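Novice: Residue numbers (the numbering used here), protein chains in the order written: chain A, 1 to 252; chain B, 253 to 501.
Think of the hints as simulated: they come from the structure by calculation, not from any bench.
It should be emphasised that the depicted structure is a prediction, and the values quoted were computed from it without experimental measurement.
Positions of the beta carbon are idealized from the N, C-alpha and C atoms, including for glycine.
A few of these clues could be false.
Listed below are the simulated SDA-like cross-link pairs for lysine to any residue, each with C-alpha atoms no more than 25 Å apart in a straight line [claimed, not checked]:
id, chain 1, residue 1, chain 2, residue 2
1, A, K80, B, D395
2, A, K80, B, V344
3, A, K132, B, L321
4, A, K117, B, K490
5, A, K117, B, N393
6, A, K80, B, K490
Which bits of chain A does chain B cover? Going by a derived footprint, with three or more residues having C-beta under 8 Å, they are [what the hints assert, rightly or not]:
id, segment
7, 33–42
8, 99–113
One-letter residues, chain by chain:
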Amino acid sequence: MVMENGNAPSIIFKNISLSLGGEELFKDLSLTIEGGECTCILGPSGCGKSTLLRLVSGAPSLVYQGEVNICSQGVEADKKTAWMSQDDLLLPWFSLLDNILLGAKLRNQVSPAIREKAYELIAAAGLSGYEKTLPSALSGGMRQRGALLRTLMEDRSVLLMDEPFSALDALTRMKLQNLSAELTRGATVVLVTHDPMEALRMGNTIIVLSGKPARVQCRVSLSGAPPREADDPEVQKHFSVLLNELLNEPLQ
Amino acid sequence: MKGLRLIILAVGLVTLWQIVVTLTDAPHYILPGPARVFKAILNHYPVLLQHMQITGAEIVLGFLLGIFLGTSTALTMFLSPLLKRWVLPVLVISQAIPVFALAPILVLWFGYGMASKVAMAVLIIYFPVTASFYYGMQRTNPDLLELARVMEARPLAVMRYIVIPSAMPAFASGIRVATAVAPIGAIVGEWVGSSGGLGFYMLHANARMQIDVMFAALAALSIMALLFYFSIDYLLDKIIFWESKQGIM
């Protein structure tokens, strides 16, 4: 299953300045995230990666100067986004199916067509047969797959993913990266991670943030469609470069 | 296993009671033995049953009304921060007045009938119910609320699907406390002034030096309170199926 939106919007940060807890996180930061591809934001913890996502999702508690625009072909696009975080945030009182339908439930929009779509996604993610299971009876990988499906059900062309796979073991993580790359193809995905390998496997573009206030330390564009294998020459070529960029940062 | 544990506990306590009676050689009008009390229960059970019904009705009515008022107050406080600032201090002040001291006034206002005892039970459970539900809602995971915001959720749906279920485990603790203390409210109300109920019957028996009957009434009250607690406990565990069991059994 591929996102059908042909012209997924770009995200443009213009002269963003923002302080959190008396600390200057961004100062005049300008950054463009291309539409219709996966951009991985890489950087040490505390450098403001997650805050960047929250700026896009329009978190009301953030006070900042500057502009965040979501545009499609130069025209202001729909500001609606979908969100996925490290914690799967599955509701323990809902079955897997109901969790996947959460957005529709919260908007009172559950319909047979929506249910049908949920069942299709569940099948695509290999979770058939677990529709009625409570999250407590699912493994970590299954739960995170559920969270991914809940995000995809929103049918938004901008997907914000905040270290979505970091709580999983290495093998489950790789499987989920493959599934996620497949299911989100065509959408504008902003994936925050601290794992250079994940960024190289998942991203079309990798932006490394560093420093306080944060600035773009480097930007890497990769050819070929994700997910890439770990032994892909392109992954190999950039891995040590990215690792060095990150290692140059002083420990936070 | 659960049933067996209960039986062992009950037999153990009765045995301990008999040991105390035997060792202290207490006269039966001070501390009657289990056998004497059991005989009193058998001899008086139609009257006991009648008074149990009155006290039981007071407890259940007070419990339901208290939960209704408590949840309404908690929801009001949660949904309106402005009202909360006015209601919360009143709630705390109301707890500073010992409820038992109010019993004579409640009997004066609501009469010797059931109303004053129900009011006592309501007063005694109102605070734990309100506080537990309110703080339970307050402690909803902020990430869930943020997720709901990004999903453009309707406010009522957020309450129904996220906030209220999140509050249920804390709320259940409040309800368990309420279940345990509601009988106290009813009995104290009966002591102050009434013409029926187990509390009234206890005083009545006490005045006639029928201490075994008094203990029989006490036993009836304990059994009723325990049954009430376990039923509610069982129900809560069924309703909050996603939480690990909190009850004592």
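Novice: Against each hint, give a clear statement of whether it holds in the structure.
Specialist: Going down the list of hints, with the structure as the test:
As the CA atoms of K80 of chain A and D395 of chain B are separated by approximately 18 Å, the hinted pair is consistent with the 25 Å bound. For the hint pairing K80 of chain A with V344 of chain B, the CA-to-CA distance comes to about 43 Å; that exceeds 25 Å, so the pair is violated. Annotation: proposed proximity of K132 of chain A to L321 of chain B is violated, straight-line Cα distance about 35 Å (limit 25 Å). For the hint pairing K117 of chain A with K490 of chain B, the CA-to-CA distance comes to about 31 Å; that exceeds 25 Å, so the pair is violated.
For the hint pairing K117 of chain A with N393 of chain B, the CA-to-CA distance comes to about 28 Å; that exceeds 25 Å, so the pair is violated. Straight-line distance between C-alpha atoms of K80 of chain A and K490 of chain B comes to about 38 Å, which puts the hinted pair past the 25 Å bound. For the segment 33–42 of chain A, the assignment as covered by chain B is violated, since 0 residues bring a beta-carbon within under 8 Å of that chain's beta-carbons and 3 are needed. Against chain B, the segment 99–113 of chain A contributes 6 residues with a C-beta closer than 8 Å to a partner C-beta. That satisfies the three-residue criterion, and the hint holds.
Hints 2, 3, 4, 5, 6, 7, counting from the list given before, are not met by this structure.
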